[in-house]
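Chains as they are written, first to last, in this note's numbering: chain E, 3 to 140; chain C, 3 to 140; chain D, 3 to 140.
By construction, these hints were calculated from the structure, which means they are not laboratory data. Careful, some of the hints might be misleading.
Label-pair restraints from in silico Cβ distances [claimed, not checked]:
| # | chain 1 | residue 1 | chain 2 | residue 2 | range |
| --- | --- | --- | --- | --- | --- |
| 1 | D | K89 | E | Q116 | 43 to 53 Å |
| 2 | E | A26 | C | N105 | 42 to 52 Å |
| 3 | E | S107 | D | E85 | 51 to 61 Å |
| 4 | C | Q116 | D | D86 | 31 to 41 Å |
Yeah, the Cβ is synthetic: ideal placement off N, Cα and C, and Gly gets one too.
Listed below, chain by chain, are the residues.
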Amino acid sequence: MRILLVILALLAVSLPGMLQAGDAYRAVFELTSDNPKQWTAVLNNVENLRKALPGTSVEVVAHGPGLQLLMREHNSEVAARMEDLAKQGVVFAACQNTMKRMNVSPDQLSPFAQTVDSGVAEIVRKQQAGWAYLRSGG
Amino acid sequence: MRILLVILALLAVSLPGMLQAGDAYRAVFELTSDNPKQWTAVLNNVENLRKALPGTSVEVVAHGPGLQLLMREHNSEVAARMEDLAKQGVVFAACQNTMKRMNVSPDQLSPFAQTVDSGVAEIVRKQQAGWAYLRSGG
Amino acid sequence: MRILLVILALLAVSLPGMLQAGDAYRAVFELTSDNPKQWTAVLNNVENLRKALPGTSVEVVAHGPGLQLLMREHNSEVAARMEDLAKQGVVFAACQNTMKRMNVSPDQLSPFAQTVDSGVAEIVRKQQAGWAYLRSGG
Chain E
3 MRILLVILAL LAVSLPGMLQ AGDAYRAVFE LTSDNPKQWT AVLNNVENLR KALPGTSVEV
63 VAHGPGLQLL MREHNSEVAA RMEDLAKQGV VFAACQNTMK RMNVSPDQLS PFAQTVDSGV
123 AEIVRKQQAG WAYLRSGG
Chain C
3 MRILLVILAL LAVSLPGMLQ AGDAYRAVFE LTSDNPKQWT AVLNNVENLR KALPGTSVEV
63 VAHGPGLQLL MREHNSEVAA RMEDLAKQGV VFAACQNTMK RMNVSPDQLS PFAQTVDSGV
123 AEIVRKQQAG WAYLRSGG
Chain D
3 MRILLVILAL LAVSLPGMLQ AGDAYRAVFE LTSDNPKQWT AVLNNVENLR KALPGTSVEV
63 VAHGPGLQLL MREHNSEVAA RMEDLAKQGV VFAACQNTMK RMNVSPDQLS PFAQTVDSGV
123 AEIVRKQQAG WAYLRSGG
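Just chain E, with the same shape it has in the complex (with noise of 0.2 Å):
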């Protein structure tokens, strides 16, 4: 019974919101565009966020002409960078619908990026698993 009471306080207290007592953050940015100047703002958002808020969980979803984030022969100027904070424990996943469409195999991709099976289901399961969502660019 004592045991049972103290489970409903940590529930009554951990309610307010879904970030459970301990967690970290955890959000997912969506990428659809194929602007290099979105590229830059989405990777500053993210190391902002975790300056904000360090141990914040982070998954980037490309998808769409965004696909072209995660493919070598277009991500040169921010190849780097990205493999730094892929090592850091950001995620980049690429869509392989969209790779399916655009002809794009694994290869073609750099080293460190991770695929789903659909960016945008990848989205909705991560929200609904208690994600914040940042939909970047055009």
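Since the structure of chain E is provided, determine the placement of chains C and D on it from the hints.
Quick look at chains C and D alone, frame taken from chain E:
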């Protein structure tokens, strides 16, 4: 014991929204663009989401310039595709605030279109009932 | 007793972030555009939301090029309208990261403007405290 059951009942009532065990995913898409390329992008996203996560509930909210997506005068190129999605349960919701401002009457909308009092309010309600949010296009 | 523990476990799993009974709605708007047409659109959205759902808490976070929304030098056409909304409780928050990067001092902001350490971090905090999110413009 009785007090515990009351607390549990209150908790259950206060949870409306969160993804409960067994629930399918739910996602609300915001469309504010009158650009047909954005329309195709959002419809692609809806279809890809439902392929990746079958049974996902989807609502597309069109407001501002995006209202044209649901106007017969403007949407002939994507109307059949939307009608098909609507038959599968996808909701297409036009913002009544926008309709008033732009002097659009209900009979100017496609027959499958539904209406909501305010597109923004609808998006807020859906998110706070636990739906994921996807912002489409510029 | 055993059934109670099962219910509690299910509740804990389903927790991530719901609107509580009695709560008003809460929405955070992100503005990153220096385009006055976007400013008018976001202010329209804020007003329409508060008409449709009276009592909704609203915060508008301006960062990146969107910081100009809150700078006296740039916002003369919408300042009075924002001041009025601020008096009604709408929060307008300028990103201090952006201010540093653009060498903007607090006295260059409108008097009603507040500041936050990081616009993106603020948006993540709000969402993970249960606020709905609306991304405005390109």
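Quick rundown of the hints versus the structure:
no.: 1; hint: K89/D to Q116/E: 43 to 53 Å; result: holds (48 Å)
no.: 2; hint: A26/E to N105/C: 42 to 52 Å; result: holds (49 Å)
no.: 3; hint: S107/E to E85/D: 51 to 61 Å; result: holds (55 Å)
no.: 4; hint: Q116/C to D86/D: 31 to 41 Å; result: holds (33 Å)
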